[in-house]
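Residue-level listing of the chains:
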Amino acid sequence: MKKNSSKKIFFSIFLLFGIIVFSYSVLAASGCCEKTKDGFWCQMVDDISSKCDSSNGLTSSPTSCDQTAYCSLGTCINSVTGECVPNLPKSECESDSAGEWDSRTLQEIPTCQLGCCSYGPYTQFVTQTKCKQLGTDYGVDPIFNDEITDELECYNSDTSYKEGACIFENGDCRRTSKTECDSQSGNFEEGFLCTATNLETQCARSSETICDENGRVYFKDSCGNLANIYNEEMFSTNPNAWNSEMKDYWTYIKEIDDSSICSFTGTTSSTCGNCDFLSGSVCSKYRLNDPTMPNSKPEFGNYVCASMDCAYDTDRNGEREIYHHGESWCAMTEGTYWDQNAYEEFGLGGIRINKTTGDYVEAKILKELENQSNYNLPGSQYVLLKCIDGEVLQESCMSYRNSFCVDVVSHESEFREAHCIGNDWRACLSKTTKKTCEGDSIYGTQMCKWVGGFRLDGKSTTTKESNRQNIDQGSCVPLLSPGLEFWTDKNNAECSLGNIQGSVTYATSWTVKRDHFAEFGTKSASETCMNDCYLIPGYASDLAGSDLQDQKAMENIYTGGDVPSGDLKDYMVSLRKAYYCEGKTGKASGPSVSCSGEPDKRNNFPVYWTHQEFYDSITERARSLGDCGYKAGAYISLSEMNESNVELELMTVVFQKISQEGDVKDEDKGNLAEKIYINNEYVGDQCGYRSGEYDEELCQLENIPLEESTDGEE
Amino acid sequence: MKKRGQVTIFVIIAIVIIVLGVLAFFLYPKLKISTGFNTENPELFLQNCVENDLENLIETLSLQGGEFNPQGYTIYQDVKIKYICYTSDYFTLGLKQVPFIKRFVEDEISVQIKPKVDECFDDLVLKYQQKGYEVSSKKGNIQTEILPEQTSIDLIGYNLTVSRGENENRFNLFVINLDNNLYELLNIAEHIVSWENEFGDADTLSIMMLKKDIRVNKILRDDGSKIYIIENKKTKEAFQFASRSLVFPAGLF
Numbered sequence: 097m098k099k100n101s102s103k104k105i106f107f108s109i110f111l112l113f114g115i116i117v118f119s120y121s122v123l124a125a126s127g128c129c130e131k132t133k134d135g136f137w138c139q140m141v142d143d144i145s146s147k148c149d150s151s152n153g154l155t156s157s158p159t160s161c162d163q164t165a166y167c168s169l170g171t172c173i174n175s176v177t178g179e180c181v182p183n184l185p186k187s188e189c190e191s192d193s194a195g196e197w198d199s200r201t202l203q204e205i206p207t208c209q210l211g212c213c214s215y216g217p218y219t220q221f222v223t224q225t226k227c228k229q230l231g232t233d234y235g236v237d238p239i240f241n242d243e244i245t246d247e248l249e250c251y252n253s254d255t256s257y258k259e260g261a262c263i264f265e266n267g268d269c270r271r272t273s274k275t276e277c278d279s280q281s282g283n284f285e286e287g288f289l290c291t292a293t294n295l296e297t298q299c300a301r302s303s304e305t306i307c308d309e310n311g312r313v314y315f316k317d318s319c320g321n322l323a324n325i326y327n328e329e330m331f332s333t334n335p336n337a338w339n340s341e342m343k344d345y346w347t348y349i350k351e352i353d354d355s356s357i358c359s360f361t362g363t364t365s366s367t368c369g370n371c372d373f374l375s376g377s378v379c380s381k382y383r384l385n386d387p388t389m390p391n392s393k394p395e396f397g398n399y400v401c402a403s404m405d406c407a408y409d410t411d412r413n414g415e416r417e418i419y420h421h422g423e424s425w426c427a428m429t430e431g432t433y434w435d436q437n438a439y440e441e442f443g444l445g446g447i448r449i450n451k452t453t454g455d456y457v458e459a460k461i462l463k464e465l466e467n468q469s470n471y472n473l474p475g476s477q478y479v480l481l482k483c484i485d486g487e488v489l490q491e492s493c494m495s496y497r498n499s500f501c502v503d504v505v506s507h508e509s510e511f512r513e514a515h516c517i518g519n520d521w522r523a524c525l526s527k528t529t530k531k532t533c534e535g536d537s538i539y540g541t542q543m544c545k546w547v548g549g550f551r552l553d554g555k556s557t558t559t560k561e562s563n564r565q566n567i568d569q570g571s572c573v574p575l576l577s578p579g580l581e582f583w584t585d586k587n588n589a590e591c592s593l594g595n596i597q598g599s600v601t602y603a604t605s606w607t608v609k610r611d612h613f614a615e616f617g618t619k620s621a622s623e624t625c626m627n628d629c630y631l632i633p634g635y636a637s638d639l640a641g642s643d644l645q646d647q648k649a650m651e652n653i654y655t656g657g658d659v660p661s662g663d664l665k666d667y668m669v670s671l672r673k674a675y676y677c678e679g680k681t682g683k684a685s686g687p688s689v690s691c692s693g694e695p696d697k698r699n700n701f702p703v704y705w706t707h708q709e710f711y712d713s714i715t716e717r718a719r720s721l722g723d724c725g726y727k728a729g730a731y732i733s734l735s736e737m738n739e740s741n742v743e744l745e746l747m748t749v750v751f752q753k754i755s756q757e758g759d760v761k762d763e764d765k766g767n768l769a770e771k772i773y774i775n776n777e778y779v780g781d782q783c784g785y786r787s788g789e790y791d792e793e794l795c796q797l798e799n800i801p802l803e804e805s806t807d808g809e810e
Numbered sequence: 032m033k034k035r036g037q038v039t040i041f042v043i044i045a046i047v048i049i050v051l052g053v054l055a056f057f058l059y060p061k062l063k064i065s066t067g068f069n070t071e072n073p074e075l076f077l078q079n080c081v082e083n084d085l086e087n088l089i090e091t092l093s094l095q096g097g098e099f100n101p102q103g104y105t106i107y108q109d110v111k112i113k114y115i116c117y118t119s120d121y122f123t124l125g126l127k128q129v130p131f132i133k134r135f136v137e138d139e140i141s142v143q144i145k146p147k148v149d150e151c152f153d154d155l156v157l158k159y160q161q162k163g164y165e166v167s168s169k170k171g172n173i174q175t176e177i178l179p180e181q182t183s184i185d186l187i188g189y190n191l192t193v194s195r196g197e198n199e200n201r202f203n204l205f206v207i208n209l210d211n212n213l214y215e216l217l218n219i220a221e222h223i224v225s226w227e228n229e230f231g232d233a234d235t236l237s238i239m240m241l242k243k244d245i246r247v248n249k250i251l252r253d254d255g256s257k258i259y260i261i262e263n264k265k266t267k268e269a270f271q272f273a274s275r276s277l278v279f280p281a282g283l284f
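Protein chains in written order, with our numbering: chain A, 97 to 810; chain B, 32 to 284.
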């Protein structure tokens, strides 16, 4: 009995504990808030109990928002104004007293279809109900045209708004619409100017001019009304010089497309006031010696059509270049792509792509972009510039180079146009063949590049006949290296994608004590190497005047050919037959490896022929994968190690004794001999890298001579 | 004789000053307003009393994305700016956080200006009482309308009946107007937010190409948020708001 009750108590405690743990896990669950405590509608949060607002009947659930009824997306219709807002959550829409939620998309709702709304002198591309609202707001009768389905077409369409002279009993006159004239109890004469002589108003022709709200220069009558567009030939101070055309010009309102309205080419004019804002010309008060002004002052009045062009020193050479109103182009920013020659030749120094195909306009752009040590450096960001009304505005492309600026080149137009386009670098990492890597793209713009060598999935696909050149032995990496938060732990996973760890087996003689591998020199290490010899710093490097960094020369040896001169032992290459051929032991001698001439006896080709090739490949791959550390000034090549920062890239070589089976020998476990290489140079461990007490003076970059070891059997 | 001449000159100067004063009083309404309270026109008193606060309120709201105490905001140059489009996730489009922006700002103005309107209404009652009127008054609600080139505050349900002797006047139509271009700025904001919601970004260049007097600045922040500043180049009025839509992280996820 006692035993039973203690069991019950234990069970109850266990159950209670379970309930608490379960409740906690449920309460701390991630999910969808109808509204967060921060005030955001329909957001996913990691802890709904602490982050969701539960006041006023608001709720949450441990599911994604699209699975909830309250956050279902639909169209929200303003029952008062008729505005239609697409993609709005149900609860948010209904939180507004005028909001009516409809689960259909905007395109499926007839009342939400857009058309061209003319109201007074204005046009706007809106819904029919919104058009009515605009009419109310502006106090005019709007006209809705649902046959116009394009915003620009709507903007350029004629309005039904007609103006005329509104004449009052006292002889005063105002240029206005009929509706407005009627509201002021005036006598409306449609299409007439207040200066029409037959109307007998007190308003007279005048030589004064004024800017209208569309940026054109207009004559102004003596009552202050707009007349027609300024044309210096349509006014004279000599009463006898007035001809019928001039009188007509001061009698009727002329539409913009009327043949009597003047026009001009270019962006400036002091004789014609028909400035075109979209083409970069706008009404402005004349200023002497201003480059945006026409050469001469106007004959009448003070206003002219001035240029809206911008002057800007994009390439920072001290001279400002001219850009047209509305043009956009890529800026020169530190660490991003810039081609000064192209800038001087075409006026575009950014990444130029073809407007039709999206492809880079020159092969050299792609080639240069592949140089990850010059472009897309850590901290760099692309910037777009645009010229608007004489002012150059800057707009940054996305941070971390998630987008980049391209100058869009069209053969039909010289008008400069640039955009920030998305850098689709994430897609590169899932591509496993050279063809898909360099061929697939969203915009037609190549975003990835193929780096021959190791594959990201670690597989080796080399065969006895094929090296990595033609069998997709390589990695697909971003062409424009993305930014990563390498100064925190956040992107460790991305950075580690480029990490490489390999092992080399050496053959030694049973007569040689094996505890001194750490002191092996490059030559002896190379000669006794039995697999993946390219991992040995300096393998197949220049020795005795012969350059075996040439991959072709190494391939030649591997396939049974002779070394360029002398014997194999004169070069820094493996002398172990096992390196070249399956099941072979012993030492290779003479100018070639006898067994490797026969393809069926040969080992599969190594991924790399030389250490330099290996190093170049992994460096390019790591740097292309993102900002995992500093780039500029880092290791360039074996022959160009000067001025490198020793802290940039380290290679650690670990020596261990292994058994015939390839396992680390028990006696050597926990007793690793490490060699640290900086820029391919052995610096030993005296620099204090391992202890975290790096001392530059202590750490000499000079190559420390290593003992030659004796060859031996495997 | 000299003294008499001087007096005459002083008298003439005094007359001129008085005439100028009277002329100014009638010719310049604002001067008339500043003289204080006109029993015939209580609306003018309210307009005068509320105008400055309304102007300041609209300026504050315009800087903060339309909300006086912004919920869901980012801080830019020490100002809390409301996110009108927002997602906390990466790779997804932002959701519009305000269904109808103009309506939202109108409601916000109504709520925030009501205490001042009520205070002015109380002052108005007091002014009448000080002038010996018997006053009967009732307060109501505020309705704001943002219209082209002006913002209009309708005092709905506000009644004022003043009487002195046999004269009785009833006032119940009070409208306070403020000239501004908030209507156009909010229209453009609405346009930009639609783009942000649909595409994750807005093409500010095309807006500026179509709207001659408008400058739109887009400021990209490190977290992927954007601050849009829509400015009327002529009047320097501006409306700014934040958006976070289609943001990509540093790294894969």
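The hints are simulated quantities; they were obtained by calculation from the structure and are not laboratory data.
Fair warning: this is a prediction, and the values are worked out from it, not measured in the lab.
Glycine included, every Cβ here is placed at the ideal spot set by N, Cα and C.
Mixed in with the good hints, there may be bad ones.
[Unchecked claim] So these bits of chain A aren't anywhere near chain B, every CB distance computed over 12 Å: (1) Pro185; (2) Thr601; (3) Gly722.
[What the hints assert, rightly or not] So the derived list for chain B, only partly shown, Cβ under 10 Å to chain A, looks like this: (4) Asn83; (5) Glu86; (6) Leu126; (7) Lys158; (8) Lys162; (9) Tyr164; (10) Asn228; (11) Asp234; (12) Met240; (13) Asp244.
Now the hints, each set against the structure:
Separation of Pro185 (chain A) from chain B is inadequate, the least Cβ-Cβ distance of about 7 Å not exceeding the 12 Å criterion. Chain B leaves Thr601 (chain A) outside its interface by the beta-carbon criterion, the shortest separation being 35 Å against a cut-off of 12 Å. For Gly722 (chain A), the non-interface assignment is contradicted: its Cβ lies about 7 Å from the closest Cβ of chain B, within the 12 Å cut-off. This hint is violated: Asn83 (chain B) has a C-beta 25 Å from the nearest C-beta of chain A, more than the 10 Å allowed.
The beta carbon of Glu86 (chain B) comes no nearer than 21 Å to any beta carbon in chain A, farther than 10 Å, and the hint placing it at the interface is violated. Satisfaction of the interface hint for Leu126 (chain B) is found here, the shortest Cβ-Cβ separation to chain A being roughly 6 Å, below the 10 Å cut-off. The beta carbon of Lys158 (chain B) is not positioned within 10 Å of any beta carbon in chain A (closest approach about 33 Å), and the interface hint is therefore violated. At its closest, the beta carbon of Lys162 (chain B) sits 36 Å from a beta carbon of chain A; the interface hint therefore is violated under the 10 Å criterion.
The criterion of a C-beta within 10 Å of any C-beta in chain A is not met by Tyr164 (chain B), whose closest approach is roughly 35 Å, and the hint is violated. For Asn228 (chain B), the interface hint holds, the least distance from its beta-carbon to any beta-carbon of chain A being 6 Å, beneath 10 Å. Hint on Asp234 (chain B) holds. Least Cβ distance to chain A is approximately 9 Å, under the 10 Å limit. For Met240 (chain B), the interface hint holds, since its Cβ comes within 10 Å of a Cβ in chain A; the closest pair sits about 5 Å apart.
With its C-beta approaching chain A no nearer than about 8 Å, Asp244 (chain B) sits inside the 10 Å limit, and its interface hint holds.
When each numbered hint is compared with the structure, violations occur for hints 1, 3, 4, 5, 7, 8 and 9.
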